[in-house]
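**Student:** One letter stands for each residue in the lines below.
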Amino acid sequence: MERMDFAAMLAAVREKAPLVQCITNIVTVNDCANILLAAGASATMAHHPLEVADAVAGVQALVLNLGAVGDREAMLIAGKEANRLGVPVIFDPVAAGFTGLRRETARKLLEEVQFAVIRGNASEIRSLTEDKEGGSGVDVAQADAVTESGLPQAAELARTLSKRTEAAVTLSGAVDVIAQGERVLFLRNGSPTMARITGSGCMLSALTGAFCGASPDKPFEAAAAAAASIALAGERAEELRLKKETGNATFRIDLIDSVFNLTEEQLIQGVRYEVYQG
Amino acid sequence: MERMDFAAMLAAVREKAPLVQCITNIVTVNDCANILLAAGASATMAHHPLEVADAVAGVQALVLNLGAVGDREAMLIAGKEANRLGVPVIFDPVAAGFTGLRRETARKLLEEVQFAVIRGNASEIRSLTEDKEGGSGVDVAQADAVTESGLPQAAELARTLSKRTEAAVTLSGAVDVIAQGERVLFLRNGSPTMARITGSGCMLSALTGAFCGASPDKPFEAAAAAAASIALAGERAEELRLKKETGNATFRIDLIDSVFNLTEEQLIQGVRYEVYQG
Amino acid sequence: MERMDFAAMLAAVREKAPLVQCITNIVTVNDCANILLAAGASATMAHHPLEVADAVAGVQALVLNLGAVGDREAMLIAGKEANRLGVPVIFDPVAAGFTGLRRETARKLLEEVQFAVIRGNASEIRSLTEDKEGGSGVDVAQADAVTESGLPQAAELARTLSKRTEAAVTLSGAVDVIAQGERVLFLRNGSPTMARITGSGCMLSALTGAFCGASPDKPFEAAAAAAASIALAGERAEELRLKKETGNATFRIDLIDSVFNLTEEQLIQGVRYEVYQG
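Chains as they are written, first to last, in the working numbering: chain A, 1 to 278; chain B, 1 to 278; chain C, 1 to 278.
There's no promise every hint is true.
[What the hints assert, rightly or not] Using 25 Å as the maximum straight-line C-alpha spacing, the simulated DMTMM-like pairs for lysine to aspartate or glutamate come out as follows:
{"id": "1", "chain 1": "B", "residue 1": "Lys244", "chain 2": "C", "residue 2": "Glu235"}
{"id": "2", "chain 1": "C", "residue 1": "Lys16", "chain 2": "C", "residue 2": "Glu81"}
{"id": "3", "chain 1": "B", "residue 1": "Lys80", "chain 2": "B", "residue 2": "Asp217"}
{"id": "4", "chain 1": "C", "residue 1": "Lys80", "chain 2": "B", "residue 2": "Glu15"}
{"id": "5", "chain 1": "B", "residue 1": "Lys80", "chain 2": "B", "residue 2": "Glu104"}
{"id": "6", "chain 1": "B", "residue 1": "Lys243", "chain 2": "A", "residue 2": "Glu130"}
{"id": "7", "chain 1": "A", "residue 1": "Lys243", "chain 2": "A", "residue 2": "Glu274"}
{"id": "8", "chain 1": "B", "residue 1": "Lys163", "chain 2": "B", "residue 2": "Glu111"}
{"id": "9", "chain 1": "C", "residue 1": "Lys244", "chain 2": "B", "residue 2": "Glu238"}
{"id": "10", "chain 1": "A", "residue 1": "Lys244", "chain 2": "C", "residue 2": "Glu166"}
{"id": "11", "chain 1": "C", "residue 1": "Lys163", "chain 2": "C", "residue 2": "Asp5"}
{"id": "12", "chain 1": "C", "residue 1": "Lys243", "chain 2": "A", "residue 2": "Glu111"}
{"id": "13", "chain 1": "A", "residue 1": "Lys16", "chain 2": "A", "residue 2": "Asp5"}
{"id": "14", "chain 1": "C", "residue 1": "Lys163", "chain 2": "C", "residue 2": "Asp217"}
{"id": "15", "chain 1": "A", "residue 1": "Lys243", "chain 2": "B", "residue 2": "Glu239"}
{"id": "16", "chain 1": "B", "residue 1": "Lys244", "chain 2": "A", "residue 2": "Glu238"}
{"id": "17", "chain 1": "C", "residue 1": "Lys243", "chain 2": "B", "residue 2": "Glu265"}
{"id": "18", "chain 1": "B", "residue 1": "Lys163", "chain 2": "B", "residue 2": "Glu130"}
{"id": "19", "chain 1": "A", "residue 1": "Lys244", "chain 2": "C", "residue 2": "Glu111"}
{"id": "20", "chain 1": "C", "residue 1": "Lys244", "chain 2": "C", "residue 2": "Asp217"}
{"id": "21", "chain 1": "C", "residue 1": "Lys16", "chain 2": "C", "residue 2": "Asp5"}
{"id": "22", "chain 1": "B", "residue 1": "Lys163", "chain 2": "B", "residue 2": "Glu238"}
{"id": "23", "chain 1": "C", "residue 1": "Lys108", "chain 2": "C", "residue 2": "Glu148"}
{"id": "24", "chain 1": "B", "residue 1": "Lys243", "chain 2": "A", "residue 2": "Asp5"}
{"id": "25", "chain 1": "B", "residue 1": "Lys244", "chain 2": "C", "residue 2": "Glu81"}
{"id": "26", "chain 1": "C", "residue 1": "Lys243", "chain 2": "B", "residue 2": "Glu130"}
{"id": "27", "chain 1": "A", "residue 1": "Lys244", "chain 2": "C", "residue 2": "Glu81"}
{"id": "28", "chain 1": "B", "residue 1": "Lys244", "chain 2": "C", "residue 2": "Glu264"}
{"id": "29", "chain 1": "C", "residue 1": "Lys243", "chain 2": "B", "residue 2": "Asp217"}
{"id": "30", "chain 1": "C", "residue 1": "Lys243", "chain 2": "A", "residue 2": "Glu130"}
{"id": "31", "chain 1": "B", "residue 1": "Lys163", "chain 2": "B", "residue 2": "Glu112"}
{"id": "32", "chain 1": "B", "residue 1": "Lys244", "chain 2": "A", "residue 2": "Glu245"}
{"id": "33", "chain 1": "B", "residue 1": "Lys243", "chain 2": "B", "residue 2": "Glu265"}
{"id": "34", "chain 1": "A", "residue 1": "Lys244", "chain 2": "B", "residue 2": "Glu112"}
{"id": "35", "chain 1": "A", "residue 1": "Lys243", "chain 2": "C", "residue 2": "Asp217"}
{"id": "36", "chain 1": "A", "residue 1": "Lys244", "chain 2": "B", "residue 2": "Glu239"}
{"id": "37", "chain 1": "C", "residue 1": "Lys16", "chain 2": "C", "residue 2": "Glu156"}
{"id": "38", "chain 1": "B", "residue 1": "Lys108", "chain 2": "B", "residue 2": "Glu130"}
{"id": "39", "chain 1": "B", "residue 1": "Lys243", "chain 2": "C", "residue 2": "Asp5"}
{"id": "40", "chain 1": "A", "residue 1": "Lys243", "chain 2": "A", "residue 2": "Asp217"}
To be clear, the hints were calculated from the coordinates, so they are not data collected in a lab.
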C-alpha cells in the first residue's frame, strides 16, 4: 500500500469546495453544516421527498444519516438518484441496531443504494454486518468498544462489511479502522471528549462527504483523510479544553474551529496511521 | 423533611450514566443532548412513532417536550410504554397554553401517561392546572412571573398540579419551586441570562430525566437536584459573561460547560434552598 | 430620502420586545431563536399546521423560511392569518431556485401572502423575479454575487421584486441592497466569514422580523436596520476571530453575542450606507 497523501485530499476539498447534501437528523444538522463550511465545502440539507432528486443533481456528494429515519423515503429516492448520476453516497447507520425500524431501514438502504463509504461505530458496523440487535442508543456498546487487543477483530468486521457492500468502511473508535476490501488502515488520532458531545460521528460522516465530493474516485483515501482531519481537530480542541478548563460545549466549538484552521502541514505532521498487515 | 443530598444525586448520574430518551422540539434538541452528555448521562433523541416503543425498552428515562407537538403520537406511544416498563417519564409542557393544539395534547398526555416529574414555568404550570389559555409563547406571562411576594401562590399552584397528577412538579422561575404533594422546596439559584437563551427550560427538563434515570425512586429529589445543578451552572456562566463581556450565545456554551465541570463540592456549597412551611 | 434613524429602530426592538414567530428550517432554527433573544425580542418557533393560526394571533411578526418547505401548508395558513390580523410577514426564499418544489412553493406564497419584507441573496431574489432555476444550493451563484460594478443591476433586481410584490426587499451580499419601490439603499457593512457559517441569512431574516414587529409601519427602515445590526455584529465578530485566531464556530457565537451587546451608539457610528440615486 502506497503512502497516504492526506494533505492532497484536504487541498482538494478546499480547491473544489464541493456542495454536499446531507439528509440528516434534527439533533446535529447544524453542526454538520458548519463543519462542512469549516472544511471549505458547501452544504445543503434539503430532505423533502419531493425535492431530493432535484437537489442531488446539483451536488458533489450525498450523506444519508439513519438518525433521520423519518426521512427514509427521501433517503431512498436521493440515494438511487445519486447512484444513477455517479454522485458518491455516504451512509451513517446511526444507532442501526437500536430499533426494528432502523434495522429494517438500514437493510433496505443497503439493498437499494450503492454506497461509496459507510461510517459508524463498532456496534453500528456490527449491526449492519450481522443484521441483529445491538448498541446502546447512539453510543457504542461496551462489548464493541475498539481496544488495542480487539483491533484484529475490528479490522475483520470492517473488511466483512466492505466486501459485502463494495463500500469503503470507516469504523470509528478510540482507534479508527478504515477498510476497503482487504485493505485496512488504523488511525490513532482523536480525543476522548469527542464521545462527550453529540454529533462527532455525524460530523465525520458529513466531512467524509466533503472529501468524497472532492475526490470521488478515491473513497478509501477520502474516508481516511476525513477521519484524520476531524481526529486531529479533536486533539487540538482537547488541548484547548484542558488549557482553558472548559467543557464539552466549548470543545464542540473548538473542534469545528480546528477544522476551519487545519493546515496541510498539521495534517502531515500530526497524523498517526499504520497499514494493518493481518 | 430531611436535608436534601444534592451531591449524592449528581454522583448517581455520573456513576450510572443513564441513557435518556428525549422526544423534543427542533429548536433545542442539540442543546438537550449536549447537556445530558455534560452531566455524564447519555442521550437518544429517537422520536419516530414506529420506533419509540423499541427505544424506550433500552433507556432509563423518557422526556416528553410539548414543543414537539407534531410528534404527539410518538409521545403517547412512548409514554405509555415507559409506564408499562417502569421507566420514569418527565413532561415539559412548553407553551402549553399558547395554542389549542398544545392544550389538547397536554390534556391527553396527562390523562394517558403517569409522569414522574412535570417541569414548566409558572404560565405553563398554571395552564395545566386550570386548563385554559395563557403564557406568551414560550415565555412566562408577566402576571405569572414568580416574585418573592408571590411565592406562596406559586407553591400552591405547584402543589395543586402535583396532587392532581401524582407527579413531582418543578415550577421554574427566578425562584424555582419544587413540589410533591404537600412537600415544597424553594431554590434560590440561577441567573437572569437564562431567560435570554432558548432552551434553558428544555435543558432543565432533559437534565431532570438524567437525575430521574439515575435515581428512579426519588423523583422529588431528582427534580430538585437537576434544578440546582443547572441553576448553579447558570451562576457560573453569568460570572463568566460579566467578566468576559460576552453575550447570550457564549452564556449558553458556558452553561453547558459548567454542568460538565460541576463538582459535588460546588453543589453542596452553592445551593440555596429552603423548605416551604406554608 | 431622509436620514435613516437606525438607532431608533434598535431602541424600539428593545423597548417593545416583540414576539416573533419563525416557521423555519431545522438547520438554523436554534440560531434564529437565539439571535432574536440577543436583540431583545422573544421567539416562538411553532410550526404545526394545526396551531400556527392560534400562534400568529399572539405574535408581532411572522417569518417564513423556505428551508422549511416541508411546512409549506403551515406557512400558507400562518401567512394568510397574519395578513388578516395585520401582523407583518417576512419571507426568506432560501435556495428558491434550487428545486422545483421550492420554486412552486415560493410562487404560491407570493401569490397568497402579502409580505412586508423579502430577504434573500442575489440568486434567490433573481429566482423569485424571473421564476427560473438558479443558485447553487443555499449559496449565491458566482454569477450573481454582488460586486461593486454590479450594484446598479442588483438595485434594479431588488426594485423589480419590490414593485411586483409591494414588499421591501433586502438583497444580501458583500454590499446589502435594500429596496422599496424606487427607494434603494446600499449598506456597506459585514464580514466575509458570515458566508462560512450556516444561518447568516436565516438569522438576518429572523432579525428583520424583530425590527418589523417593533416598527410595523416601517418595513423599509426595519429591513435596513436589521441588516445594519447583523452586519456590524459580523464586523465585531470578525475582529475577534482574527485576534483570537478562531474559526467559523466561534465566529457564530461572537456574532450572536455582538447583537446582544450592540449599542445604539455603535450602530450610529459604525453603519456605512448610501442612498442609491440611479
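**Student:** Could you work out which earlier hints the structure fails to respect and list their numbers in ascending sequence?
**Tutor:** Hint check: 4, 6, 7, 10, 12, 17, 19, 20, 22, 23, 24, 25, 26, 27, 29, 30, 34, 35, 37, 39, 40 fail, others pass.
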